[in-house]
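Peer 1: Read off the chains here:
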Amino acid sequence: MYAMSLARISRALSAGEFSSEELVSHLLERIGRLDGELNAFITVTGEAALAAARAADEARGRGDAGPLCGVPIAHKDIFCTAGFRTSCGSRMLDDFVSPYDATVVERLREAGVVMLGKTNMDEFAMGSSNETSYYGPVRNPWDTARVPGGSSGGSAAAVAARLVPGATGTDTGGSIRQPAALAGITGIKPTYGRISRYGMIAFASSLDQAGTLTQTAEDAALMLGAMSGHDPRDSTSVDAPVPDYLESLDAPLEGLRIGLVEEFMDAGLDSANAAAVEEAVKVLEGLGAQLQRISLPSIGLSVPAYYVVAPAECSSNLSRFDGVRFGYRAESPRDLEDLYKRSRGEGFGAEVKRRIMTGTYVLSAGYYDAYYLKAQRVRQLIAADFRRAFEQVDVIVGPTTPTPAFEIGAKVDDPVTMYLNDIYTIGVNLAGLPGLSAPCGFVDGLPVGLQIVGRAFDEGRILNVAHRFQQETDWHARAPGGAFA
Amino acid sequence: MKLTRDEVESIAHLARLGISSAEVPSYVDNLSRIIDFVQQLEQSDTEGVTPMAHPLEMTQPLREDVVTEKDQRALYQENAKAVDAGLYLVPRVIE
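These protein sequence lines are chains B and P, in that order. Residue 402 in numbering that gives the first Met the number 0 sits at position 403 of the first sequence; the count goes up by one each step and never skips. Residue 43 in numbering that gives the first Met the number 0 sits at position 44 of the second sequence; the count goes up by one each step and never skips.
These aren't lab readings, by the way, just hints derived from the structure by calculation. There may be inaccurate statements among the hints.
Stated by the list, open to error - Simulated crosslink set (DMTMM-like; lysine to aspartate or glutamate; CA at most 25 Å straight-line): (1) K69/P x E105/B; (2) K80/P x D412/B; (3) K80/P x D93/B; (4) K1/P x E22/P.
None of the values given here were measured: they were computed from a predicted structure.
Extracted from the complex, chain B is given alone in its bound form (with noise of 0.2 Å):
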């Protein structure tokens, strides 16, 4: 029962094969037993899923059930889930009750989802490894010596080791994508503005957006579908209508022309990750697809535009943790400046103060043209980059990561060597466009991914393509073995 996707508990759930309940039950006796070792959740809420799996079951039974009624889900412990800790990875928030919930929990709650619990990530999604969590890295279930990838590493473990069969993501310069290719699963950002931001803890608001991890596209789709939407919440949620992406997915797939980066393919990515991304692309061409060799000039500055770009946002958004009305409060303050900066030094960890600090300074007076107009200058030359690949190709593909999982510990001295890990999923976010990775093979014995880029609100075809290439391999179904076996 745990080994299934997500659409395939969706269908047995409606054949009636196991109730909820069964399900839920099941799921959270897997959670105790493997989760000690894989840390991928911060709070599980067996309770609350219980209870909601039974309800679950009854709206089944009084025939008011959608295709997610009853089906098991985590979400980050990025988004507020009412009554429940709201943690972000840290300090700062660790007694903090989210008094709402966002957006995308109560979509996803309306829609009969059950929420098994809340997952392990990067103190406030800065980070590409999982190790900068104020509750401990999470662990690779391919290699538990490795990590899982990040922001969103406790949800992309969690999956990977079929504790749960979906959860929630969010991605501001990959923190889907890559810990999706890293422990061998399905993760999709969408266009920015497709899915509300309300109720999602800010990092930077003009790069952050929320979305799944899934074993396979299609359960993407079923979640994705729900998740999608304008808010009058949030200001920046498109008003456009969703397209039923479950109808788009086995669209052929003849003609579409696909789009391969040569700055990807250079120096830097691995052989054998090169490989395993020429293969898919082979199958890609053997259902249809005609190839093309694309070029994005400006790609090779997406990392430091970001890093002046998102640490500049943070600063900002970050200022609201300052020990007076909820998060962390330093004992004893001798005066009020003293209460901003020991709750914010205590609070906060490294990789987040150093991200603050960075901000601050590109934002300081005498800077603000030379670092932070810039980058929103080169910005907007790598956006042009990819309006001019789209006038020539439909999709873009190339590989997620320049590597499989690293090691734990590996690259935690140096903050440099750690960004460049984001350098292929970076400037989709500076661009605002839809990017997913799916699992394309494996090196040494580590999943690694095919990102699949599309033109703005083109989430149904890039669904399509990884549906379409998940029907010709079994990559996506292949589970780490061992104790998660």
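Dock chain P against chain B, hints included.
Peer 2: Relative to the frame of chain B, chain P by itself:
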């Protein structure tokens, strides 16, 4: 570019982040590396390029200026460490 100890302490002050003097050298080193890294942007010719203000070049929508939030002060203040009579408490500011 190497940031100085004074610069790092001044940035930490601007951000109201308390960092101990023992931690300062590691921030000097890390922030210098990050600033060095982002200075690659200088290589790019951006003459005449408009800075990007929104990923999809959209403008902010307007809504009617009517109250949509209800009063939930008591609920929100459950997360505060020090409140009294509906007010958030901070150390004395005015003697």
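Peer 1: All hints, please: hold or fail.
Peer 2: A quick look at each hint next to the structure:
1. For a cut-off of 25 Å, the pair hint linking K69/P to E105/B stands: about 18 Å separates their Cα positions.
2. About 35 Å separates the Cα atoms of K80/P and D412/B, which puts this hinted pair outside 25 Å; it is violated.
3. At most 25 Å may separate the alpha-carbon atoms for a hinted pair to count; K80/P and D93/B meet this at roughly 13 Å.
4. With a CA separation close to 17 Å, the supplied pair K1/P and E22/P stays within the 25 Å bound.
Checked against the numbered hints listed earlier, the structure breaks hint 2 alone; every other hint is satisfied.
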